Amino acid sequence: MSALLEVENLTKHYPVKKGIVLARQVGTVRAVDGVSFRIERGETLAIVGESGCGKSTTARLVLRLIEPTGGTVRFDGLEVSGAALRTLRRRVQVVFQDPYASLNPRLRVADTIAEPMEVHGIGTAESRAARVKELLGLVGLAPFHAQRYPHEFSGGQRQRIGIARALAVQPELIICDEPVSALDVSIQAQVVNLLKDLQRRFGLSYLFIAHDLAVVHHMADRVAVMYLGQIVETAPKRAIFDAPMHPYTRALLSAIPHPDPRRRGMVKPIGGDVPSPMNPPSGCRFHTRCPFAQDRCKAEMPELRDLAPGHRVACHFAETLPAHISVAENGMSPVASQRLALYAAAKARKALQAG
Amino acid sequence: MNPLLEIQGLRTVFRSANGDIPAVDGVDLTVPRGKTLGIVGESGCGKSMLSLSVMRLVPRPGRIAAGRVLLDGQNLLDLSESGMRAVRGGQVAMIFQEPMTSLNPVHPIGLQIMEAMRAHDTRASKTELRDRAIAALDRVRIPAPARRFDEFPHQLSGGMRQRVMIAMALACKPKLLIADEPTTALDVTVQAQILDLLKDLQAETGMSIVLITHDLGVIAEMADEVAVMYAGRIAERGTATELFASPQHPYTLGLLGSVPRLDESRDELLAIEGSVPPPFALPKGCRFEPRCPFAIAACRNAPPPLEEVAPGHYAACIRAPVENSLDIAA
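Top to bottom, those sequences are chains W and R. The opening residue of the first sequence carries number 1 in the UniProt record's numbering; numbering runs sequentially from there. The opening residue of the second sequence carries number 1 in the UniProt record's numbering; numbering runs sequentially from there.
Bound-form chain W, shown alone:
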């Protein structure tokens, strides 16, 4: 069976023009530059990277919200174009980052959630209303919320509305573009739990775009790391976090501060900023910031190579890098873990009593 989503050599170049009347092209922004990946049914693929690496553009290209410069997107074996686009738009839905900007302030929640069903001609007015009630329940909201407007909700609740809207047409793939990065940590955890729960219940696949590696660690089955429009490493979650092979992946991981003062000083910043995608460095695009860069890296762009089952890395020297020190399974202090377990138990009991 073919993968649910297959993306091959996807490219998006934006021309940079100078002048107004006789505009001439003076350069190209290579926002996405030859990206390939696949997503199996029921799987979560996370794309991570810093701002400007092209991860959101990739999401929009998959949805065909913008036209690619080159490459193909196949959904369930069918190439997405023209006539196939309408089905794709039902079977693939999206949840956006900003729950304040992605809901129409003039529509009641019921109308927002019912709109995709109307667009795709699903059901009657009554059956759609019943479905809205059901969806609100699924995402942890109450039926009376249907008659309210977006401004009456908090950020976390709005994100739940966005998720209900995405679920309305029973999609197989949901593209989540930074779905929790605008939320507070306690609310972030609620939404992350909800997304995982919905995935289990409906066998959903996710393309999860994020910059927060800790959230990705919790959500993803596989991870693709992007830098300046290209995938530099892709592997199952465990391999990415325990044995990352690309220097950029390692740099990202070691930049994360851990919620544990015992590990203070483990953060190792790398120098420099992300270079401009209009004028990316020659050879390996990471060579300007890479601590292991050699002459070959400046001249020759590394290909993605298979170095372990399912583990592909675009680095000339991936095999010869020093061993990575993994942080896996250090965990919290025993007292903190024990109290957290009590918290979880008390919370479960309280939920049971509330019925």
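If you're looking for bench data, these hints aren't it; they were derived computationally from the structure. Here the structure is a predicted model, which is why all the values come from computation and not from measurement. Idealized CB from N, CA, C, for every residue including glycine. Among the hints, erroneous ones may be present.
What the hints assert, rightly or not - Only some residues are given here: those of chain W computed to face chain R with a beta carbon under 7 Å:
#  : residue
1  : Q190
2  : V192
3  : L194
4  : A214
5  : P261
6  : R264
7  : P269
8  : I270
9  : E319
10 : R339
11 : A341
12 : L342
13 : Y343
To be verified - Think about it this way: if two alpha-carbon atoms lie no more than 25 Å apart in a straight line, the pair counts; the simulated DMTMM-like pairs of lysine to aspartate or glutamate are:
#  : chain 1 : residue 1 : chain 2 : residue 2
14 : W       : K268      : R       : E264
15 : R       : K173      : R       : D72
16 : W       : K350      : R       : E273
17 : W       : K268      : R       : E204
Unchecked claim - The calculated label-pair distances, taken between Cβ atoms and stated as ranges, are:
#  : chain 1 : residue 1 : chain 2 : residue 2 : range
18 : W       : I20       : R       : V106      : 20 to 26 Å
19 : R       : E307      : W       : V119      : 53 to 59 Å
20 : W       : Y14       : R       : E307      : 55 to 61 Å
21 : W       : S36       : R       : S265      : 25 to 31 Å
22 : W       : P322      : R       : P108      : 22 to 28 Å
23 : W       : V21       : R       : R15       : 52 to 58 Å
24 : W       : D98       : R       : D150      : 31 to 37 Å
25 : W       : A129      : R       : P59       : 40 to 46 Å
26 : R       : P61       : W       : H324      : 52 to 58 Å
Based on the hints, put chain R in the right spot on chain W.
Relative to the frame of chain W, chain R by itself:
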């Protein structure tokens, strides 16, 4: 040695048709010399209003209703407005989350740093200030500072802009730097650079830092002391080591459980149910009670006082430590 900053019983309120709404409600804190106090909490917990209160920059219709803010023993709330202007940017400096909105887009960054220096030094010559501004840019590790001097904010990356803000804040050698979510808008690699820079500058100058953030990772990396805020009050405070090793307040536990960790694989995050109550509808008793899984009837009576649970470790919870409270919860 007495602490650099002592906040006592600080209360900041906003006037409304229904009476005063508290944003900061009876906060006691101390900032030791040369150390970092981390204040952690979610949006709306009052952490930013607390820092604006210290600077006496509370926007109308808000006002400081009670309390004392002692900097080196002097109560800032007693100062005249001109006296306070000398403190701001002089002894106490502040940096904010979004450096783009804090910098003037139509002036070169070097001139903006010179302006900050001029406000506290009317005698230095222009060339002297220019040299000092370039030195300040160099100190925050901006490459080619003499060339960057003439650049505008939009020509700089987010990380570079935050460096400029830090250079400006440190221009007059403050004793205290208040950093309000200084790295929240930045990528994680750039965040690591900025945190590293702040640590080095602190070691160099011996300044104290109040670091306000929602990120427990940043707190664990930077703070010597930690205060957890919830709905305008301190829920728990202590040294960072103690607080992470033995968290007492259920809210602290909920926060710790909400954060996905790289060093643990759990199926489900321990989310806190519900959301922060708005300041105009605060519960009468403990403000965390509606969301707290350990809550009992007594929690609804009065706000619990901040009590010492271990030396230097305080928690405002009548149910702490939670392992002693299982009988009633069961």
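Report the numbers of all earlier hints that the structure fails to satisfy, in ascending order. As far as the earlier hints go, 3, 9, 11, 22 are violated by this structure, in ascending order.
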